[in-house]
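Novice: Kindly generate the complete structure, drawing on both the sequences and the hints.
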Amino acid sequence: MKEVRGCGMRSSVGFLSRRRLTGHPLLKEEFQRRRLAGCSSLYKKNLLGHFGCVNAIEFSNNGGEWLVSGGDDRRVLLWHMEKAIHARAKPVKLKGEHLSNIFCLAFDSTNKLVFSGGNDEQVILHDVERGETLNVFLHDDAVYGLSVSPVNDNVFASSSDDGRVLIWDTREPPHGEPFCLANYPSAFHSVMFNPAEPRLLATANSKEGVGLWDIRKPRSSLLRYGGSLSLQSAMSVRFNSTGTQLLALRRRLPPVLYELHSRLPSFQFDNQGYFNSCTMKSCCFAGDRDQYILSGSDDFNLYMWKIPKDPEAGGPGRVVNGAFMVLKGHRSIVNQVRFNPHTYMICSSGVEKVIKVWSPYQQPDSMGDLEGRVEDKSRSLYTHEEYISLVLNSGSGLSHDYVSQSIQEDPRMMAFFDSLVRREIEGWSSDSDSDLSEGAILQLHARGRRSTRTSREGADDPSAPASGNSTAGCEVFFFVGHQNKKNLNLTNVFIADDNDASFLNFSCPVLILILFFYLVFPCCRLCIHCLLGCGETTQMTLKKIILLIIINNCNFFGLHKSIISKFS
1 MKEVRGCGMR SSVGFLSRRR LTGHPLLKEE FQRRRLAGCS SLYKKNLLGH
51 FGCVNAIEFS NNGGEWLVSG GDDRRVLLWH MEKAIHARAK PVKLKGEHLS
101 NIFCLAFDST NKLVFSGGND EQVILHDVER GETLNVFLHD DAVYGLSVSP
151 VNDNVFASSS DDGRVLIWDT REPPHGEPFC LANYPSAFHS VMFNPAEPRL
201 LATANSKEGV GLWDIRKPRS SLLRYGGSLS LQSAMSVRFN STGTQLLALR
251 RRLPPVLYEL HSRLPSFQFD NQGYFNSCTM KSCCFAGDRD QYILSGSDDF
301 NLYMWKIPKD PEAGGPGRVV NGAFMVLKGH RSIVNQVRFN PHTYMICSSG
351 VEKVIKVWSP YQQPDSMGDL EGRVEDKSRS LYTHEEYISL VLNSGSGLSH
401 DYVSQSIQED PRMMAFFDSL VRREIEGWSS DSDSDLSEGA ILQLHARGRR
451 STRTSREGAD DPSAPASGNS TAGCEVFFFV GHQNKKNLNL TNVFIADDND
501 ASFLNFSCPV LILILFFYLV FPCCRLCIHC LLGCGETTQM TLKKIILLII
551 INNCNFFGLH KSIISKFS
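Counting in full-length UniProt numbering, the sequence shown runs from 1 upward without gaps.
Honestly, the hints are just simulated from the structure, not real lab data.
All clues stand as given, with none of them false.
Label pairs and their computed distance ranges (CB to CB): (1) Leu134 to Lys377: 37 to 47 Å; (2) Pro411 to Pro316: 42 to 52 Å; (3) Glu177 to Pro198: 18 to 28 Å; (4) Ser380 to Glu97: 27 to 37 Å; (5) Asn393 to His261: 51 to 61 Å; (6) Ser378 to Glu132: 35 to 45 Å; (7) Arg34 to Leu222: 31 to 41 Å; (8) Asn393 to Leu231: 39 to 49 Å.
Backbone N, C-alpha and C define an ideal beta-carbon position, used for all residues, glycine too.
Specialist: Encoded structure:
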């Protein structure tokens, strides 16, 4: 028997680690549980196949033999995980392509069908075996979330930017009217059927937070989670495998865990460096007993926390400080994460073109170790000026052309999100110098996170004293590109907050004229600030925003204004 370093247990590496675990299910589960529990890090490997950001990933049911992925390149790719990892097999591209960014995916229970939804306001139903498109379900706005009923593969739910959660039956005519479960003024970013009680669904809304719904009682939620803090921007919600707990992600706040029938949180999970502000992300449970949770972060890392065994420990909303594991290796923001309970593999994706596979077992050509001693060399963040230079030198403005079918890293995309992270941090700092050191960025990240949470909680508490204006930040949704929404081919445009959107009431030529006076006559800047009603953060970024508008032939302005009107 060979000692497996970093795992705290002995294992026959050649017999168990390099083949499928067979035999008694309880022995397999116990082995894998102990293996993961003894690791400080995981082996990692990249899957290459997409030409842009990867916005959605899902494992197949009953073993996770397949992984489906989709993103900015509008393609749905199907990966056979064993062949992709061990034989470098390329993914299968399903024939049905979207007209814009893909945001969500789902398998049916038999793994014979794949549902995909996105920015082109439609859900496509794919046949896995033949790759053909079986049906298309039209929506009125972008589709952010999908969930298939656990008891009826003909029924699925979709959550949309138009503020509706719709229940569809694939046996009905595709142009028929679906059943409307919820209808809010603000966008629904996530929806999921309860795996044990299929009449219940959980949702995450951009303004109304996390809610529980009964399909028999539409238009009114059964429960609004969060207590006095229920009105929070929520972007993802997931049930555990037994349907007794919900995990949710909120903007600028730590992940939160709820018991199904309690509106008060059981636990919140935090760690120095973790932050969720610049992009839309998802979360998931992990472990054979859902004893862990996973979430990506703006600091390019993937975080895993262990759920305390006693839900009453520490009282409602207790903060679990300190992640069980921090997985390092991504080179930009991590948005999506999924766990396979059968193989203990984790897949994550985001701004990069890669899907990263994490495992407690060493795979062919995998990197890293189980102790976290081997780390990838970190890269330096691009500055705002470097990003603008990359845009100017690209010759294509803000749009991205995926015709070249390149799987290589895109510096312009990386720089765009680096710029968002810097802008968020500079909003917390009185120093607007964009050349902050990496150490200073992390310090400001933590400081800004604490101040943001304090002000947010104070705002939700009627008894809290009034505070000054909160710092305006940027919120990123899976958008960007041209005025025609169906031809968007870049991901995640930043959206000004309410306090910073007043300057968008001006026409584009007037903005260009204002920009001219702003740059040429410094003495006019104070008057311009007063005229536009801009906050401090907008003053720092106004000329950059308008410059990007000009670069993209003013088409970006029309889209930018429409997005702000929907999300602000």
